[in-house]
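J.: Since chain A is already given, all that's left is putting chain B on it; use the hints.
From first to last, the protein sequence lines are chains A and B. This note's numbering applies: residue 1 is where the first sequence begins, and numbers increase by one. This note's numbering applies: residue 477 is where the second sequence begins, and numbers increase by one.
Incorrect hints may have been included.
Claimed, not checked - Within a straight-line C-alpha distance of at most 27 Å, the following computed BS3-like cross-link-like pairs (lysine-lysine) qualify:
id : chain 1 : residue 1 : chain 2 : residue 2
1  : B       : K578      : A       : K241
2  : A       : K335      : B       : K677
3  : A       : K369      : A       : K335
4  : B       : K677      : A       : K369
As the list claims (entries may be wrong) - Computed, partial: chain A to chain B, Cβ under 8 Å:
id : residue
5  : S39
6  : T256
7  : H263
8  : Q267
9  : G269
10 : L331
11 : E358
Just so you know, the hints here were simulated from the structure itself, not pulled from any lab data. Since this is a predicted model, take the numbers as computed values, not measurements. Glycine residues also receive a C-beta, built at the ideal position from the N, C-alpha and C atoms.
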Amino acid sequence: MIAGSPVEAGRWRSSTKRLIIAYGAFFVAWTVVLIGVISWQTARYLDGIVDGLLEQRVRFLSSVDRGQLPALLAATNQLDLRGLMASGLFDAQGRYVAGDVERLPANLPVDGRVHPLPEGVERTSGERAARMHAVALRLDDGSVMLLARDYGVVDRVGAIMRSSLMWGLSLTLVPGLLGGYLLSRGPLRRVRRLETAIEPVMRGHLGARLPVSGRRDEVDMLAAIVNRMLDRIESLLGEVKGVSDSIAHDLRTPLTRLRTQLHRALQLGGGGDDARARLLECCIVEADSLLDRFRALLRISELEDIGRRAGFGPVDLADTLRRVHELYAPLAEEKAIAFALECGALPTLCADGSLLFEAIGNLVDNAIKFAPQGGHVTLRAAASADGRVTVDVLDDGRGIPAAERESVLRRFYRSTASGAADAAGHGLGLPLVAAIARLHGHGFTIGDNTPHGARMTLHCWAADVARAGTEQEQEA
Amino acid sequence: MARILTIEDDAVTAREIAAELQAAGNEVDCVGDGSVGLERALAGGYDAITLDRMLPGMDGLAVVSALRQAGNATPVLMISALSDVDARVRGLRAGGDDYLTKPFAPEEMAARIEVLLRRGAAQRETVLRVGDLELDRIARVARRAGVELDLLPLEFRLLEYLVRHAGQVLTRTMIFEAVWGYRFDPGTNVIDVHIARLRRKVDAAGAAPLIHTVRGCGYSVRAP
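Bound conformation, chain A alone (with noise of 0.2 Å):
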């Protein structure tokens, strides 16, 4: 009947996830933002001071005795212990004099004021240190001080920190991210547990609920949202049908009075009003007629309210099938319709046995009465290895439209395009045959006959299997 097409597993992703991609994306490019920002300030940081000491030592180197210039700076490459300081004393020809750098570097301007120099210096000792900041001075006699320093200092401070903030970086994100992964799932699964426990509700039994976990979380709130809301479908759609049961209900005492004052007319008739009389027959055939539709109408609210398994039992389904035959093959007879029963085997139902014979039998009637003067109706059962049982009854009448078999199952639906419009009947044999196929839990379809008319189809469960079934049901 009607199917619900389940969530597709893999199209699903929570908001938890998302938000975590989002948040992780946006902390990485912040941190990055972060690590230019401090690397670049103490860059400038540091800069400052290397300068500034070169600063100040060329211009204290520049005011010592002359004389003295070489040793002192000699002294200074002692001190400096780590190697980071360079030095050298050149003539006014830029021939080497004193200090441990042999060669003034040709593109660094005599003018006393610190530049980088990115390519270094070459020492006496054959090293050479990458990238070197570098101050050159003419001093008085036109010789030339050139003092350097390491520049690697600052970008070896810079390293660290980039490494430390690095660290911490993945020391954040990676718990970060594998916890809201593992945040995220929880949702997601009781998303799919209330999947599961919608699932009747799009069947048709607006009488389940969503389970709501008492955490009284977003996920709980939405639970009792969709709850209160299918309370109210429910009470709804009751009001509904119990409008259109009151109404069949304070009907029909009327109905039923106006009835007897009909018969007690027919019985009063004085003798010899023929036309009269069959006057009257008409008019208590009719109110019969309205009667009956009440009656159904009532009959298929009462099943679908009480849900009633009161009268289940095992039900020998070769046995009911014979008799449904027996009932109505003298009607077949009549239309000339051969009326065929074709059933094996078949094994024990667990169901309410006038109920499976009226649905059964009700099919079997509306095949008769759709099936065409000397056509064919089958009544077929077949068992399956695993317990399914279906029971077919098919006609060679015009058959059932596939646009129109979900109507047809609707009170008071008739098919103009079967014919049904045409035939004797009220619209609620289909109605009332699905009502008891829900109540059993066995599904009711209907389909096509070859090559013409309509297959309509009953699909049971053997009663081991389907006690097995409730059973494993009530487990989970």
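T.: Just chain B, lined up with the frame of chain A:
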């Protein structure tokens, strides 16, 4: 003429029941209260009782079980607005002999009362006779004017029910209930078709008809 006690609190329904039963030639007493009804019923002298399920004073179920406990076996037709199977089963278990759901057609009620009144008469006889029709209930054979009829088992059961209640009106619902054992509307004219087939075999051309149609009501088997 039979004396019938109607215990029913709804005046209109009580009037209808009385009118229909009186029309069939019975004497009817109406009581609107459960405990008064029980007193009257226990006082005796009634051939059948129609009993509403829901009554002021004393509930219908309580009335019928009190009646049975007192050893009174007067046939009781329970009449109730409760239509479901469980209510019917409870009514019969408490001691009711038949159960009718409101609203009902009075002739259906009268037919059921008629069956209750004549209950027991033809129950134990092994051979039933109506006119020249003879039913051997042991051998499961029917003969008309000495000629054996070719009946299917179902047709024999149907004829047996009709003949057992010869002279009484039997509605389609009663026939379906008694012969098939189900209580619902079998639809269209299934019962009529079965009767028609039976009639073709029993009332063959030339013979006086035994199976009669009661217009707007049901069927009856009568000697010609």
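J.: All hints, please: hold or fail.
T.: Results for each hint:
{"no.": "1", "hint": "K578/B with K241/A", "in the structure": "holds, 21 Å"}
{"no.": "2", "hint": "K335/A with K677/B", "in the structure": "holds, 19 Å"}
{"no.": "3", "hint": "K369/A with K335/A", "in the structure": "holds, 9 Å"}
{"no.": "4", "hint": "K677/B with K369/A", "in the structure": "holds, 26 Å"}
{"no.": "5", "hint": "S39", "in the structure": "violated, 85 Å"}
{"no.": "6", "hint": "T256", "in the structure": "holds, 4 Å"}
{"no.": "7", "hint": "H263", "in the structure": "holds, 6 Å"}
{"no.": "8", "hint": "Q267", "in the structure": "holds, 7 Å"}
{"no.": "9", "hint": "G269", "in the structure": "violated, 10 Å"}
{"no.": "10", "hint": "L331", "in the structure": "holds, 5 Å"}
{"no.": "11", "hint": "E358", "in the structure": "holds, 5 Å"}
Hints 5 and 9 from the earlier list are contradicted by this structure; the remaining hints agree with it.
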